[in-house]
Amino acid sequence: MRPIQQQSRMQQMITMLKQFTWGDRFLIVFVFAVSIGFIPWLQSGDPGEAAVIQVNNEVIATLPLEDETQFSVQGPLGETIIEIKSGKVRVLSDPGPQQLCVLQGWISRAGDSLICLPNRVVIQIPGTPSYDGLIK
Amino acid sequence: MKPGRFYKVLLPTMVVLAVVLVLVAWLRPSEVSRSQILLGTLVEVTVFGTEDEKLNEAIEAAFDEFRRVQDAFSRSGEGELGQLNQADPGTFIEISPELFGLLQQAQEYQALSQGAFDVSLGQLQDLWGFVEDWQGEGQVPTDEQIETFLVQSHRFTLEDGKAARNSLTTHVDLGGIAKGYAVDRAIEVIKTFPVEAALVNAGGNLRSFGQVPEPFLFWVEPRPFDIALQHPRQPRRFLGSFEFREDRAVSTSGDYQRFFTVDGQQYHHILDPFTGKPSSLLISSTILAPTAMAADALSTAVFVLGPESGLELVNSLPDIEAVLVMPSGDILVSEGLRAEQFSF
Chain A
7 MRPIQQQSRM
17 QQMITMLKQF
27 TWGDRFLIVF
37 VFAVSIGFIP
47 WLQSGDPGEA
57 AVIQVNNEVI
67 ATLPLEDETQ
77 FSVQGPLGET
87 IIEIKSGKVR
97 VLSDPGPQQL
107 CVLQGWISRA
117 GDSLICLPNR
127 VVIQIPGTPS
137 YDGLIK
Chain B
613 MKPGRFYKVL
623 LPTMVVLAVV
633 LVLVAWLRPS
643 EVSRSQILLG
653 TLVEVTVFGT
663 EDEKLNEAIE
673 AAFDEFRRVQ
683 DAFSRSGEGE
693 LGQLNQADPG
703 TFIEISPELF
713 GLLQQAQEYQ
723 ALSQGAFDVS
733 LGQLQDLWGF
743 VEDWQGEGQV
753 PTDEQIETFL
763 VQSHRFTLED
773 GKAARNSLTT
783 HVDLGGIAKG
793 YAVDRAIEVI
803 KTFPVEAALV
813 NAGGNLRSFG
823 QVPEPFLFWV
833 EPRPFDIALQ
843 HPRQPRRFLG
853 SFEFREDRAV
863 STSGDYQRFF
873 TVDGQQYHHI
883 LDPFTGKPSS
893 LLISSTILAP
903 TAMAADALST
913 AVFVLGPESG
923 LELVNSLPDI
933 EAVLVMPSGD
943 ILVSEGLRAE
953 QFSF
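Sequence lines, in order, name chains A and B.
In terms of our numbering, the first sequence opens at residue 7 and continues consecutively.
In terms of our numbering, the second sequence opens at residue 613 and continues consecutively.
Incorrect hints may have been included.
Chain B is faced by these chain A residues, among others (derived, beta-carbon under 7 Å) [what the hints assert, rightly or not]:
# : residue
1 : S41
2 : V61
3 : N63
4 : P124
5 : Y137
6 : D138
7 : I141
8 : K142
These are calculated hints, taken from the structure and not from any lab test.
From the three backbone atoms N, C-alpha and C, an ideal C-beta is built for every residue, glycine too.
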């Protein structure tokens with residue numbers, strides 16, 4: 007029989023692994039799995055589940071899209087009414103002359119935005135869209 | 613389990629994993645994004661890096677620079693451009709090197725586009741209702757009114773750090789170049805911070821620097837910025853997308869960006885200096901260039917020049933590419949666009 011110290015590293019490892027109980031092995035695998043499981047969580051961006059409302063370059067509210075609500079804000083031209091329903095958000099009414107943000111209808115995807123420029127109201131759904139920048 | 617084994621094997625394993633996880637979280641580049649309405653459009657600034665505090669400072673500094681450009685180059689205010697626009701024709705007034713440089717660039721783009729790009733049409737824009745703080749309204753001027761603004765060939769003169777307007781109808785409006793300039797300035801300011809990559813998007817006038825640091829397992833894999841181009845007639849559709857691998861800028865001029873409607877007819881803000889009326893040869897003109905200012909000026913110039921002369925100009929310039937949409941909906945692209953990884 008060869009002396010223990012002449013065993014290769016690999017053999018030592020195998021010997022050690024053989025001494026593990028099933029409980030040991032389960033724990034090691036479990037710790038690894040939990041650690042790997044954390045990686046996607048660390049990497050993921052915010053889910054697009056809320057509408058961030060800005061008036062005059064100030065964020066004044068963050069509303070969850072799961073709510074069913076109407077929200078009114080005051081801009082320089084007057085009142086803009088925002089509606090949230092079934093995971094979507096739209097501008098119900100706005101004093102802007104062209105009504106572009108009203109005509110745009112519902113938005114629901116991360117990265118989408120409604121801009122009522124004259125009344126300085128901006129509604130954005132934060133999160134990671136399919137692009138980094140959008141040219142309009 | 614024997615206690616000895618716990619200390620020899622499991623505890624070290626858990627400690628190593630915990631350290632790795634903390635390191636991954638700590639070294640993972642974060643993304644900070646904010647937007648504000650400036651220069652009459654929504655300006656979105658996104659920065660990537662590992663020092664969160666510096667990212668926020670970089671964004672603040674970028675918005676400050678936008679505000680500075682907005683105030684400095686207002687055409688109707690008390691600033692130097694406002695003063696130039698009120699000076700007696702032929703009288704030279706001292707201007708800052710920054711404004712002098714911008715006006716010089718504007719003249720270069722005017723020459724390059726054979727007059728299609730013209731920053732001295734402020735009064736013509738006012739006549740149509742496209743005032744500086746435009747709120748969405750306008751009116752159609754008569755042909756006689758328009759005629760007044762079509763006759764000058766050299767609308768302002770530059771000399772030794774001074775500028776003079778040539779006639780009472782000259783009214784310098786840097787709208788076709790200032791947004792791009794502000795985007796370039798914002799990128800320069802962001803670069804003075806420890807930021808790995810950035811994207812500044814001022815309502816269709818965008819510039820990137822660096823590549824997106826994308827975390828992948830335990831390391832960071834840089835990837836190009838993916839820039840989507842909205843369809844000019846169907847806002848929910850994309851015309852295509854570009855991959856920006858290096859510092860690159862893009863700008864779109866379109867008839868749908870600013871317009872008003874009178875008697876069912878739409879009138880947009882990109883005026884042809886030769887007719888004094890909204891140009892109708894294209895519905896959108898998208899230009900890729902090394903700087904946002906070049907992209908800004910050239911997208912307006914090419915929009916006015918139309919498909920043939922516009923593409924000819926783009927193909928004659930190095931590092932400039934174009935995607936043009938005709939009124940028929942047909943899409944024309946420049947010769948070198950393939951290199952931009954443009955995909956429909």
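A quick look at each hint next to the structure:
1. S41: Holds, because the Cβ-Cβ distance from S41 of chain A to chain B comes to roughly 5 Å (cut-off 7 Å).
2. V61: Since chain B brings no Cβ nearer than about 10 Å to V61 of chain A, farther than 7 Å, the hint is violated.
3. N63: holds (4 Å)
4. P124: Since chain B brings a Cβ to about 5 Å from P124 of chain A, closer than 7 Å, the hint holds.
5. Y137: Constraint on Y137 of chain A satisfied, holds at 4 Å.
6. D138: Constraint on D138 of chain A satisfied, holds at 4 Å.
7. I141: Where the cut-off is 7 Å and the nearest Cβ of chain B is about 5 Å from I141 of chain A, the hint holds.
8. K142: holds (5 Å)
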